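A.B. asks: In case you want the letters, here they are:
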Amino acid sequence: MKKISAAKIAIYIFLIILAFIYLAPLVWMLFVSLKDNSEIFTSPFALPQQIQWENYTFAWTAGYLGKATLNSAIVCVVTLALSMVIGSMAAFAIARLRWKFAKLMMTYFMIGMMVPVHCVLIPLFKTFSGVGLYNNLLGLIIPYTTFSLPITIFIMTGFFENMPKELFEAACIDGCSIYKCFTSIAVPLSKTGLFVTGLMSFVANWNELLLAMVFISDDMKKTLPVSLSKFVGPYNTNYVQMFAAIIIAIVPTIVVYCCFSNQIVDGLTAGAVKG
Amino acid sequence: MDKLLRNKKAIVIFVAPAFLLFTFVLFIPICQSIYYSLCSYDALTKPEFIGLENYKQLLLNDKTMRIALKNSMFFMIFSCVSQLVIGLILAAFLTNIEKGRNFFKNVYYLPCVLSSAALGLLWMFIFSPKLGINQILAEWGIEGPLWLMDVSGFINLPMKVIAFVALWQYVGQSMMLYMAQISGIDKSLYEASYIDGATKPKAFLYVTLPLIRPMVGTAMSLNCIGSLKFFDLIFNMTEAGPNHQTEVLATHLYTQGFKYFKYGYASAIGVVLLILCLIATFIINKFVKVDPYEM
Numbered sequence: 027m028k029k030i031s032a033a034k035i036a037i038y039i040f041l042i043i044l045a046f047i048y049l050a051p052l053v054w055m056l057f058v059s060l061k062d063n064s065e066i067f068t069s070p071f072a073l074p075q076q077i078q079w080e081n082y083t084f085a086w087t088a089g090y091l092g093k094a095t096l097n098s099a100i101v102c103v104v105t106l107a108l109s110m111v112i113g114s115m116a117a118f119a120i121a122r123l124r125w126k127f128a129k130l131m132m133t134y135f136m137i138g139m140m141v142p143v144h145c146v147l148i149p150l151f152k153t154f155s156g157v158g159l160y161n162n163l164l165g166l167i168i169p170y171t172t173f174s175l176p177i178t179i180f181i182m183t184g185f186f187e188n189m190p191k192e193l194f195e196a197a198c199i200d201g202c203s204i205y206k207c208f209t210s211i212a213v214p215l216s217k218t219g220l221f222v223t224g225l226m227s228f229v230a231n232w233n234e235l236l237l238a239m240v241f242i243s244d245d246m247k248k249t250l251p252v253s254l255s256k257f258v259g260p261y262n263t264n265y266v267q268m269f270a271a272i273i274i275a276i277v278p279t280i281v282v283y284c285c286f287s288n289q290i291v292d293g294l295t296a297g298a299v300k301g
Numbered sequence: 015m016d017k018l019l020r021n022k023k024a025i026v027i028f029v030a031p032a033f034l035l036f037t038f039v040l041f042i043p044i045c046q047s048i049y050y051s052l053c054s055y056d057a058l059t060k061p062e063f064i065g066l067e068n069y070k071q072l073l074l075n076d077k078t079m080r081i082a083l084k085n086s087m088f089f090m091i092f093s094c095v096s097q098l099v100i101g102l103i104l105a106a107f108l109t110n111i112e113k114g115r116n117f118f119k120n121v122y123y124l125p126c127v128l129s130s131a132a133l134g135l136l137w138m139f140i141f142s143p144k145l146g147i148n149q150i151l152a153e154w155g156i157e158g159p160l161w162l163m164d165v166s167g168f169i170n171l172p173m174k175v176i177a178f179v180a181l182w183q184y185v186g187q188s189m190m191l192y193m194a195q196i197s198g199i200d201k202s203l204y205e206a207s208y209i210d211g212a213t214k215p216k217a218f219l220y221v222t223l224p225l226i227r228p229m230v231g232t233a234m235s236l237n238c239i240g241s242l243k244f245f246d247l248i249f250n251m252t253e254a255g256p257n258h259q260t261e262v263l264a265t266h267l268y269t270q271g272f273k274y275f276k277y278g279y280a281s282a283i284g285v286v287l288l289i290l291c292l293i294a295t296f297i298i299n300k301f302v303k304v305d306p307y308e309m
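Chains as they are written, first to last, in this note's numbering: chain A, 27 to 301; chain B, 15 to 309.
Quick caveat, the hints were computed from the structure, so don't treat them as lab data. These figures come from a predicted structure and were not determined experimentally. Please note that a few of the clues may not be correct.
[To be verified] Stretch-level coverage of chain B by chain A, calculated; a stretch enters the list once three of its residues show a Cβ under 8 Å from a Cβ in chain A: (1) 42-54; (2) 74-80; (3) 114-126; (4) 139-152; (5) 160-166; (6) 242-248; (7) 271-279.
The beta carbon of each residue, even a glycine, is placed where N, CA and C say it ideally should be.
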């Protein structure tokens, strides 16, 4: 019995050291973001001597972070809504309606999980700059929605398939149309699924860098991940303000994560179990 | 009822938006990309068909491409193996403890949901020549290496540093997948094995591992595709420098396409990337993945 508890203690020590490796950089970044620029060189690991809130105000205004946060929020929320609506509609048709090509359609959508965004980047860039979607938030919303669809369709199909058939039969006998079946029965009963997929697409799109970098060059249209890199210059990097900006950029995801970590984990595993 | 479910109009209305989006934003651009990759095409000229010239140039003459391929392969193999091993160890540890399991789980998974662009900037700072880790080392009187600039060796130090950071950021995902699978295993299987005299490590080796094999396949293919697509961390930590030594496929594509505006050439890199993704998925499906056991 004693041997087992020794093993447990070893496991706990290992886990605690690892947790320290995970949290230390983040906490340290928070401290640095409240310091003076010269303090990084003289006393990098001490607590800030005097808390410098100006770093945040500077990052927020001079770095256009306020605008960038708003842009990110607009893009993410619209994408979230669109991918939920479009994705669950397609999932409903695949899981519940009876047609020959349902399986084939599912495969078509699942290919989207494997295709890296890089190989559609150039054609999309050409097309979008041709139709005025360059430097336009809509030009980000459309591809983000498309790339959120496979996982949404995958998870929602699972939810719709598991609903009892009798539910829909009863509704039909009562004279319910197929559209009504979708909006009043299928969707309300799969709220958890919608919530999970929504969270996942929110996190993914909030952090997306490549597309946002290619499709947006106007400072006023940039999203958060892109505007962060502005704080790094080849000759002078303003570390404290950069860290303030990073904190601003990651706080929303940390808040979302702390509130809904269990659902995010569920979504991750649900999405990958068959994937 | 059946008639209602076969309503053609309803089917079209439900599927059309997703189908159209997919076709126009994914399927057609992939075809275009393949066509562009066979063309001489830059920002000023119209695409002009030149056959396989781009691929010839890319695979035979392009030194940066060789570096990028080497780095991408190193990256893929490293992250597959390291995430498999460490993810499994973490999952095994966490399923064996009761107190604080949720806390540790959430801490290890946290970096996965954070922006890798932001974390890239953070790690660039930590590994910069005069700050971060080197400050700690200096206090102990050690002169730290130039983490992100020393490019000697077949796999150079910056790539190893970046691979470590990527492991730090993404191992939580593999851990979660394995944990989900392990917690689904029937407890009576373990009880039976303990009665037969198995120790805990033995039970892990002969009961847990075979039962989570399907998930190993899934996690590995996620890792492979993820590491081939890898862009954000490298772009913000080293910008593929110094002297293209930390170039991977995705950064090479970005530089060629959007710094030098060689659209045709960059498309060829994109097609190579796509093919690698498909091959990786195929190999894993063939050799690692098995049908889930009935439990």
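A.B. asks: Are the hints correct? Go through all of them and say.
C.D. replies: Comparing the hints with the structure gives:
Counting residues of the segment 42-54 of chain B whose beta carbon lies closer than 8 Å to any beta carbon of chain A gives 6, which reaches the threshold of three, so the coverage claim holds. Under the rule that three or more residues need a Cβ within less than 8 Å of chain A, the assignment of the segment 74-80 of chain B is violated, with 0 such residues. Taking a C-beta to C-beta cut-off of 8 Å, the segment 114-126 of chain B contributes 10 residues in contact with chain A, enough for the three needed, and the coverage statement holds. Coverage of the segment 139-152 of chain B by chain A holds in this model, with 7 residues showing a Cβ closer than 8 Å to a Cβ of that chain against a need of three.
For the segment 160-166 of chain B, the stated coverage by chain A is not satisfied: 0 residues place a CB nearer than 8 Å to a CB of that chain, which falls below the threshold of 3. Coverage of a stretch by a chain is defined here by at least three residues with a beta carbon nearer than 8 Å to that chain's beta carbons; for the segment 242-248 of chain B and chain A the count is 4, and the condition holds. Using a Cβ-Cβ cut-off of 8 Å, 3 residues of the segment 271-279 of chain B lie near chain A, which meets the minimum of three, so the contact claim holds.
The structure is inconsistent with the numbered hints 2 and 5, although it conforms to all the rest.
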